[in-house]
Every structure is written in structure tokens, then in C-alpha cells.
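In this note's numbering, the protein residues as written are 59 to 153.
Derived by calculation from the structure, the hints in this document are not laboratory data. Each hint can be trusted.
In silico SDA-like links for lysine to any residue, alpha-carbon gap of 25 Å or less:
1) 125 / 107
2) 125 / 99
3) 125 / 139
4) 125 / 150
5) 125 / 92
6) 125 / 65
7) 125 / 72
8) 125 / 97
9) 125 / 135
10) 125 / 151
11) 125 / 106
12) 125 / 69
13) 125 / 93
14) 125 / 137
15) 125 / 152
16) 125 / 98
17) 125 / 90
18) 125 / 149
19) 125 / 153
20) 125 / 138
21) 125 / 147
22) 125 / 146
23) 125 / 145
24) 125 / 76
25) 125 / 103
26) 125 / 68
27) 125 / 74
28) 125 / 101
29) 125 / 109
30) 125 / 91
31) 125 / 140
32) 125 / 67
33) 125 / 112
34) 125 / 136
35) 125 / 70
36) 125 / 110
37) 125 / 84
38) 125 / 78
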Amino acid sequence: MYEPNEVLQTLTGRGHVSAAGCESVRVRYRVVVERREGSLFAHGTLVGSPVGLRPIWLEPDAVLRLKNGRRIDISVTDLVGETAEFESTGLLSGF
59 MYEPNEVLQT LTGRGHVSAA GCESVRVRYR VVVERREGSL FAHGTLVGSP
109 VGLRPIWLEP DAVLRLKNGR RIDISVTDLV GETAEFESTG LLSGF
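Using the sequences provided together with the hints, build the complete structure.
Shown next as C-alpha cells:
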């Protein structure tokens with residue numbers, strides 16, 4: 059039987075996203091944390107400078123730092139103008 063993903067929380071705020079060899083970029087974020095098959099997973103959107111987000115989009119691994127100091131390992135999957143979409147790549151804890 060199919061079980062839907064369980065949305066645990068939605069986080070919004072201002073933070074920073076960075077990747078190796080790239081300058082850190084200030085962003086507004088919307089993060090959806092959900093449980094999928096017993097594991098925690100996050101996805102969402104980032105809004106920031108297109109010039110700053112483009113090099114991060116080209117890197118496979120990045121880190122999103124939330125306003126509360128938590129960090130989420132992410133991969134930016136799409137970039138259109140100043141809006142980027144991302145998915146978490148590491149284990150989430152503390153959510």
C-alpha cells in the first residue's frame with residue numbers, strides 16, 4: 059500500500075548558501091522537511107542573487123545555513139533567474 063510523505067515542518071527565513079570554491083550567497087529560503095520511508099528529507103527554494111547562485115548551482119554539493127544556525131547539505135537542482143530549487147543530500151537530524 060502506498061504511504062504518502064509526512065510533512066513535518068516548513069521553515070522560512072534568511073540564511074546563506076555556499077559551496078567549495080564559491081562565494082557565500084545571502085538567500086531567502088523555504089525548506090520543507092518531510093519523512094520518506096522512515097528517513098528525513100528536505101527540499102525547497104532559495105531566492106538570491108542570480109550571479110551568486112549560478113556558480114553554486116554548477117557545483118554538486120552545497121550547504122544551506124539557516125537563520126537558527128542549523129546546516130543542511132543540499133544540491134541545487136534548478137535555477138531560473140533569482141530562484142533556485144534544492145534537495146537535501148545528507149542525513150537530517152534535529153528536525
